[in-house]
Amino acid sequence: MGRRIRLLPILLLLLAAPSDLRAEPLVADLSNHLIAITTGFTGADVLLFGATDGPGDIVAVVRGPTGRAIVRRKGRLFGIWVNKDATDFEEVPNFYAVASSRPLDQLLTPEMAQRYRVGLDNLGIRPAEEAGPDTAMMTALIDIKKTEQLYRPTPGKVVFLGGQLFRADFHFPANVPTGTYLIEVMLVRNGKVESAQTTPLVVSKIGVGADIFEFAQRHSAAYGVVAILSALMAGWFAHLAFRRS
Amino acid sequence: MQIYLPIAELSVNLFLLLGIGGGVGFLSGLFGVGGGFLMTPLLIFIGIPPAVAVATQANQVVASSVSGVLAHWSRDNVDFKMGAVLLVGGILGSTVGVGLFSLLSHFGQVDLVIRLFYVFFLGFIGVLMFVESARSIWRRRRRIGTPRKLHEHTWVHGLPLKMRFRKSRLYISALLPGAIGFFIGILSAIMGVGGAFILVPAMIYLLGMPTLVVVGTSLFQIIFVAANVTFLQSVQNQTVDFILALALTVGGVIGAQIGGRVGAKLHGEHLRVLLAILILGVAIRLAYELGATPSHLYSAVWLSPES
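So the sequences go chain by chain: F and X.
Quick note on numbering: numbering that gives the first Met the number 0 labels position 186 of the first sequence as 185, and the sequence is numbered without any gaps.
Quick note on numbering: numbering that gives the first Met the number 0 labels position 291 of the second sequence as 290, and the sequence is numbered without any gaps.
Check the hints yourself; a few may be wrong.
Covered by chain F, according to a simulated footprint, are these stretches of chain X (three or more residues, beta-carbon under 8 Å) [to be verified]:
#	segment
1	6–18
2	99–112
3	228–234
4	237–249
5	293–303
In short, the hints are calculated from the structure, not lab data.
Beta carbons: idealized from backbone N, C-alpha and C, even for Gly.
Using the sequences and the hints, build the whole thing.
Here it is in structure tokens:
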């Protein structure tokens, strides 16, 4: 609710300055540039909003930080299922979501979708080794990311309000990975990307949880000692608390 | 109420964790075991990554063993000398175990090995306990006294480094409890358990210790082994989740007290039969999962570019 109210002046400003808008074919921003993962974090919604200088379609892509992924396939060995094969992939985004104002195939040709890395078929993931492309492994990776809610299975909606203002909602689940995300907004006209804008979004652990994680990573020996001492204390307290009764 | 676990990196309902801690604590109070063999699979089941579940469980075992040992110590049922010998082996074993754990996670086989260990040891101990306790129930029904040899001389007594353990009324080679401790230490690191469910039978049947001092002594040594595992897992794998351990401990100590009171009203043999059935149930379930076609053939890990 509070977010909507904060947004209102920005939208009014966009409406009140049509001459400036004409100079910029596309203006877009996020309701929030920081997703703070605190101890009570259950996911977050971020609103993408903006304006165009006239009719056209919007494609918005959210990409999480890219990294390496190892996909393992189970196979039978002496009657039990074990991890048999593994493939390494590079340039794997840890989060991916697309939203568009019309179905993607009506807006972009397959070549363009590939060039602008739009859609789950065009993530830009490549196998780490020169080995032949293992499409089953790649498909599995994307499926796993979908079930983890980290890849949005179907494109979301970009909604136009009037002819020029647009908005799109992006949901980030509780297990959203930390890092710097890039939101790319593209204005598509007559089958061409006429203008594009990129906005960062930071997903970061904040507060006690972040401090604990940092501490565990940087001073792991001290962390271990603290964990042991607190367990010793907890055990001792439990003994004291229940001794009398 | 959701609580964010900083190391596991996910949000879990706090009451679910307290419930799991309480439920497992109840069973551990009832049966006199740590309950790690139930806790770790449960944590994995609710979505905690196996590596975090195993390492965190060791941390929680420290807390539950401390409160257990204090209770047994006040009744003078702890053989500290025996505990110390077991401990020397245990520390070495758990160090080896944590190293092995890192190696296995590197090869992507850690889940499999954890499961195999569980199936094998739970199955083995479950069958042993079931047979033993069913027999003693049978004997009690027929009111036949058990003739027990006071002292049996085997090859074990020929081993060097003999030591006298007064409280356990034993004069045996220190190598034997040392080796048992070493073995349990490895298990403790890989399975994320205290190992009481193996250590207790080993002390009774292999070492011939009096049952009265077994539980306290095993808890005493488990504190240190679990502390060692916690420390090493923190340093090598950064997988100990402090918040998770705390939530489980709070539930666990309350459950254990209730379980202990209920347990005092039941017969020892009946308790052991129930525990055996529980252990066998877990083992059968895990064995089934190993053999059954998995619902997910593929698994994936994502690594940040720095690592």
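Results of checking the hints against the structure:
no., hint, verdict
1, 6–18, "holds (count 4)"
2, 99–112, "holds (count 4)"
3, 228–234, "holds (count 6)"
4, 237–249, "holds (count 8)"
5, 293–303, "holds (count 10)"
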